[in-house]
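Asks: In the order they appear, the protein sequences are chains C and G.
Numbered by the numbering used here, the letters in the first sequence go through residues 469 to 1106 in order.
Numbered by the numbering used here, the letters in the second sequence go through residues 2 to 441 in order.
It is worth saying that the hints were derived from the structure and are not from the lab.
Misleading hints may appear alongside valid ones.
Said to hold, decoys possible - Lysine-lysine pairs mimicking DSS-like chemistry, simulated, CA-CA at most 27 angstroms apart:
#1 LYS589(C) with LYS66(G)
#2 LYS589(C) with LYS762(C)
#3 LYS579(C) with LYS72(G)
#4 LYS579(C) with LYS93(G)
#5 LYS579(C) with LYS66(G)
#6 LYS535(C) with LYS66(G)
#7 LYS75(G) with LYS535(C)
As the list claims (entries may be wrong) - Just a sample of chain C residues kept apart from chain G, beta carbon distances all over 12 angstroms, derived:
#8 ASP472
#9 LYS579
#10 LYS633
#11 ARG637
#12 LEU713
#13 GLY774
#14 GLY786
#15 ASP819
#16 ASP832
#17 LEU918
#18 LYS1022
#19 ALA1085
#20 LYS1102
From the three backbone atoms N, C-alpha and C, an ideal C-beta is built for every residue, glycine too.
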Amino acid sequence: MKFDYKKLGLKVGLEVHQQLDTRHKLFCACKPELFRGEPEIRFVRRLRPTQSELGQVDEAALFEFRKGLTILYEADRDTSCLVEMDEEPPHELNREAVETSLTVALMLDAKPVDEIHVMRKIVIDGSNTTGFQRTCVVALGGELEVEGKKIPIQHIGLEEDAARKTGQRANQVTYRLDRLGIPLIEVTTGPVISSPEEARKVALAIGRILRATGKVKRGIGTVRQDLNISLARGALIEIKGVQELETVEKAVEYEVQRQVNLLKIREELERRGVREEDLAIEPVDVTEVFENTKCKVISKALSRGGKVLALKLKGFNGLLGRELAPNLRFGTELADIARFWGGVGGIFHTDEMPGYGVTEAEIDGLRSKLDCTPEDAVVFVADSREKAEEALKAVAARAREALKGVPEETRVATPEGTSRYMRPRPGAARMYPETDVPPIRVTEDLIERLRKALPEKPEALLQRLMAEYGLNQKLSRQLMDSEYLDLFERIVKEVKVSPTLVAVTLTETLRSLKRDGLDVASIRDDKLTEVFKLVGSGVTAKESIPEILAWLSKNPDKSALDAVKALNLERLPEEELRRIVDEAIEDSLQLIKERGLGAFGPLMGRVMSKVRGRADAKTVSAMIKERIHEIQSKPDPR
Amino acid sequence: MSLEKSGYRGFLLTVLNEAGVDIGDVIRVENPNYTYEGTLIPRSEFGSEDCIVIKLRSGYNIGVKVTRQTKITKLRSGEKPAFIPPPQPEAKPGLRRVAVISTGGTIASRVDYRTGGVRPALSASDLYSVVPELSDLAVIEADILFSILSENMTPQHWKKIAVATAKKIEEGVAGVVIPHGTDTMAYTAAALSFAFKNLPVPVILVGSQRSSDRPSSDAATNLLGAVKAAAYAPFAEVAVAMHESTSDDSILIHRGTKVRKCHTSARYAFKSINSPPLARVKNGKVTMLIEDYRRRSPRESFEVYPEFEDRVALLKFYPGLNPEVIDFYVDKGYLGLILEGTGLGHVSARCFPSVKRAIESGLIVAMTSQCIWGRVNMNVYDTGRDLLRLGVIPLEDMLPETALVKLMWVLGQTRDPKEAKQLLLQNMAYEFSDRTLMED
């Protein structure tokens, strides 16, 4: 679907969050890394909404608490200490992270604040053991030029990353503590971006600045983009956690699509003459309709003492099945809301009936019990009475919103670029000072020192890569936009190996392995360096690099040399190689006699198939040519 | 909050006064190259001498440098926050009455989001609004006795707490809960243990290691555990209720004479030493963990002895301790000295003359161990036997802090050395145990 974004009044603001590659976490001396395997420590907590002076609490937060939600935390001793467990006050703000974010601020022409104050931002979904995220403003008011347009940078912040969610059961959510406290830099633009393509370009430009510091982490999950998207007639929607650059563009496009389609639904409802007061609020018990149902979900709920509750949506027939964005129907939105507020597994609705084992007759029964006309839709839920009731009340509220258009909400991005309902938009961010962390005075001396050591801006960097390492422009650009520039320069300085080979490996090779589904981000820098050392010193041939990397991605604890040995890719000793060449020559004497150098191609193919990865092609080719010449120059003994 | 009390001093205070702005006002701060607008916030204790703190519209605070060139303008007055407490829940019929006598600490407090300050929230309606589940457990009668940090407690405060608690008990409550700062909570618990004779109901001190303005605070769960035990537990002793582990699911009730704060910051800081804990509150149930405890009893024989003598000291021995320190106490007119000796109960032979002089001067000198766990035994080595001969009183497995408090109490009851020694050695509130069991 193509849109006239200008006419729609599209406005997008970006918030780019990038993990920093510091020596330790933001408020303690733990390694800023994730752990695999079984946790050493498990504990259970609850988070209680705190009350403000005005007696207000966040509605969604209070709701979660009332549901009796408990939080199971998992940790290991390498990546978490008492600070992450909220059993010890935070240590002082990590200076390395502060300096990196100030460097970014200077590169974006932002004004560093005179004194940095750490704040607590209340978040009680469990992602922070404290119940708040520690965050601070480092600089304000910068600017970035993207293809001639000036993009205002509103805010550059530094904050702790949250714990990562690893599971959810009915009344308990599980988080791992390893990610909690990893420094995140946050760069926020003004809401001036006016097309999906521009959103991608701005995200890319910010990413280039961040990577230019050489102090950012890489791999899936180390960068997350939040998007604030609004349409003139739609609403401001916050989409959280877009992980890939390519998805930024799609996320904007799909959100526009979703809002436009919600507006169409509103028009349709208007045409059908549906008014707010026509819409039911209270669900109705329809359990008797399903007493002998073949639907497994329903019969299971009933056997546990549950009920089937239904809600008539007057005039909604056909609208619930309507697609808002790829794989996202209006019915999906209602289901997500029902899950959030009612804690139910999902909903049924008449637009997808008959189906799921629910028969035509049952639907007829349902419709007649609710006194439906063919224009009406019915949503029904099978669960405990309380849950089903909460779920359908939330559905009723959402249906009323459909008459107005697009409700404001916070959504979470899917890997495909669409988004799903996450929670209502929080009220004004509730922040108060983190009194356990002393403020940091940003002195003129510090700013001067950082200004003198600013990294190259992206354009200058591009020119240098081409001049200094003889890379072509395309490769230089790819390298710059990859997460491996810093590593590239270290490897090229340390190892005697062709810069182009290193650049190609770190961009194209890794990308193609990733496309094959391999977890290349798990290969550590020292392993990558070792691979080039092995190539540089002749232990293995450069042709074997992709195989070694593929193996390392599956065996992250092993060394590159282990890979070479396991894959049998050690370079052959010269006499061994000569023996294989000789053997091939012996078998092909006739061919050589007939075709002379014309026999080279087939011979080369035959030898390389035996020695690929263990000898480089250049040596093999020289050996074969030498032998062909020898044979040709030898007199025929007959 | 006025400017004078806001932490700004010297030049900054002068500039702010001249600009006619107050804490909470929305102001504009103009420096030669940049301008900010925000709400004026009190100064952080750690803040620089040349920065004022403002809250931006986004909610973030920043420090802004102020020089002679800076122009500060008031844009508008701040809105004074008005706290509207939620209606007090109706007392549920049939619930027991529990007195909550607050002494301070951050166990119950509310945050001011405008300035970030934390204020005590200790009236009954405040407590209900912070911990609504309380109204399902008991009818709370809340009083604020004082609001001080526990490091500022003195034996005079113990006396006031004992008297206020006794008054509530006389009024017939089912139990008393005393919110208290955690640093010296164990000392107060010991003091009350000795001050009450024939206690009829539980008296439970409770604190929090994470202040209650945080969503992760342990205050609410500790308070709920304490109230539950105060209302329904079968014991009638002075105790401390705190988290059992880092998880929020279990509260331990420790005996007041056997408890010690053993961690600077963790929720599980309080441990019962040389004794199992008294009880556990988990899933809303109180389970006794000890069979030998004082049961609830009628009020008739209840008595209070709230006097403490503060000329008593606790001295930790260390290698190289100069014996003149002991002489100092004697010369200053102290009446008792608890030694926190090494191992089984030792101090260097170099101290013997001073110890001898102290005892001859009429001081009660008693021995505990800095090992914390275990029992002193001064019969094993020569040093111990020598100290016994000098008249040092071994205090078995009593905690050094409990011993200090007990000697203060003993000397608050009698000045007669013989009687004092006899009281000191009499097991009054389970401060001695006959058997020491292996730790879990």
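Asks: The structure should be examined with respect to each hint, and the outcome stated for every one.
Replies: Against the structure, the hints:
no.	hint	in the structure
1	LYS589(C) with LYS66(G)	25 angstroms, holds
2	LYS589(C) with LYS762(C)	49 angstroms, violated
3	LYS579(C) with LYS72(G)	18 angstroms, holds
4	LYS579(C) with LYS93(G)	58 angstroms, violated
5	LYS579(C) with LYS66(G)	13 angstroms, holds
6	LYS535(C) with LYS66(G)	46 angstroms, violated
7	LYS75(G) with LYS535(C)	45 angstroms, violated
8	ASP472	33 angstroms, holds
9	LYS579	5 angstroms, violated
10	LYS633	17 angstroms, holds
11	ARG637	16 angstroms, holds
12	LEU713	26 angstroms, holds
13	GLY774	25 angstroms, holds
14	GLY786	43 angstroms, holds
15	ASP819	40 angstroms, holds
16	ASP832	46 angstroms, holds
17	LEU918	17 angstroms, holds
18	LYS1022	36 angstroms, holds
19	ALA1085	60 angstroms, holds
20	LYS1102	84 angstroms, holds
Consistency note: the structure conflicts with the earlier hints numbered 2, 4, 6, 7, 9.
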